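Peer 1: Listed below, chain by chain, are the residues.
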Amino acid sequence: MMSFEDERNGRRTAETPEAAPLKAEALTDIDDDLISDAMEKIEKDTAKRRFPWLAAAAALALLIAGGLIAAKLLKPNGMQQDAMAETPIPTESAMGEQSAPPTDAPDLPPNPVPSYSEWESKLPSATDAPYGFSSIDELAERIQGGDEYLIENIDRVYMPADLPEEAELRWLTFNGSCTALEYALGESGKALVLLFKAGWSDFDIEQYLNADGRGFIERNGVYITETNAGGFEDGMRNAYWTREEGLFLLRVPLDYTADQIEALTELDCILLPNAYPSFRPDQVFVFESEEAFLEELRTGVHRDDELGTLDRYYLLADPPEDKPISVISVEKAVVLIDYYKNDVDRLLLNWHREKTPEDLETMISEELGRTYFQEPPTVRRLADNIALIEGYNNGVYAFFTEDGSVFSLFCYGYASDQELIRYCSVIRCELPDGR
Amino acid sequence: MDDLQIIEMLKRRDPDAAEALLEKYGGLCRSIAAHVLRDPRDIEETVNGVMMRLWSSIPPAEPRNLKAYSAKAARNEALMRIRRDRSAANAAVMLPIEELEAVLPAPQGAEESAEAGELIRALNRFLETLGSEKRRVFLRRYWFFDPVAEIAENFGMSESKVKSILFRTRNELRNFLVKEELL
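Note that the protein sequences, when read in sequence, are chains A and B. Okay, so the first sequence: first residue is 1 according to this note's numbering, each after it adds one. Okay, so the second sequence: first residue is 1001 according to this note's numbering, each after it adds one.
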């Protein structure tokens, strides 16, 4: 049977010149059953709409579920309730004009969010929570120590980029896919809390706001409540927003203005030790300088046979002057050299010991198949031996070949093409005779 | 009248077949065309064009699913019309069309029909990997060009959830096509 695609192509040939086909046309010839299925769904739902009580019952169930989710997610332990109660409620003018709710919520009975104390009693404290930490370093150390649950489930932490000067991290908890950081605000007894829920969406914001049932404003995609959700008198206000990676919830004292809150929604991302390129801690040998690395090899007392298999290593041929080597890590497949270890200003050179230039395309494909936070990355050839993967949320990943080997270079932040060409070149260092 | 009867009438070249087609699937074709085209006259011309195409293509074609076949004809006819004249497009359809531009490879010419067939097969495979709700939402938007608000209403979702599903599915499709070396 002639498909529409065939027919279209035939027609284009016969009737040229004609405007180029639309890419959307490519979908036309998908399987009939899929089209029928999509049509039937609508027909069935149209029938359902004849019974509005059914929709109302569904909406109520959704709202109850939303309330329960909100209760589960929000973790206000550590809040100074008494102090918060004294903070003034800002005026409407301070908050700006109130927006309409994003959905037409039906009139519903009071939401089922539990009371503050009921809620708090069920939450682990910061100190005894299985995944409670007093600092990000402590969390990183737990990961380096081989905590499999953390290694599998968290590889980065988000924090406000521009915290108030007096803000000090009091605790960090991780539970499932939810990360929460609480910052004490000086001696005031007040606090900021930032929660990140991976994979949650705008839809979930709506559930929160519906469960809240109170006023809110919307500023550039940030929904800010006038008072705390669920009727809790803890003197806090919530702000919700989403990015591709998930939902963020910021809890702030009520006296924070919308402008202050909006400024706090700019976030920094701190990569944890298991963030890509990832190594299991027990498989990695870490040296804090090139000298320490060579010294260990010279002594001949190796912590692992793996080190004994090294016959050479590679350094960047022309590294940035302000980025000396800070760490050399050796594992079975990769030797990684970290130039200037800082989470935002750093180059990571990987020598993929077991790969050959023929593996380059496969390696890039595999990299593209990973899950990313932002728009899917794109590949660009920078030179015959250099391919760039662009579109990471925190840098550029370059793959290149030299000396019959394959290297990758992760460059945090911005780097021009000229800089990348300069960095994507290595010098070969033979290991000393007799080690 | 059921589809088999209509197809039999078409095969016999029974003049009443066109009327039966119009009665049964004219509304569906008009609805699809109306999501794509702006001018009611263009919409009517599209529906007439679809009926003509069905008349001329059956036989030899013998679609096992006349409803889907008619819908495809309507979509194709309407898109070809805006391909020839962008100003004919319903303004609302340009957004989903542009969104698809970013995730689909350029259409293949007749000389590359094998590649075009490969793309269709890949699209089918991709759609089959999706959950049914996600797939239906995706198709309602990008195949039928339903407005987001309409999809939200029909599926009992918020508009933001529909947009979120569409955004993620587009990204998944792009990744899938990259893996399949079609993009």
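FYI, nobody ran anything at the bench for these hints, they're computed from the structure. Every value quoted in this text rests on a predicted model; they were computed, and no experiment measured them. One thing to keep in mind: the hints can contain errors.
Derived pair list, reagent style PhoX-like, types lysine-lysine, alpha-carbon separation capped at 20 angstroms [unchecked claim]:
1) B:K1011 / B:K1067
2) B:K1163 / B:K1179
3) B:K1163 / B:K1134
4) B:K1067 / A:K23
5) B:K1067 / B:K1024
6) B:K1163 / A:K197
Label-pair distances were calculated between CB atoms; the ranges are [as the list claims (entries may be wrong)]:
7) B:L1182 / A:E166: 51 to 61 angstroms
8) A:R243 / B:P1060: 51 to 61 angstroms
9) A:A333 / B:P1060: 51 to 61 angstroms
Glycine included, C-beta positions come from ideal geometry on N, C-alpha and C.
Peer 1: Looking back at the numbered hints, which does the structure fail to meet, lowest number first?
Peer 2: Per hint list: 2, 4 violated.
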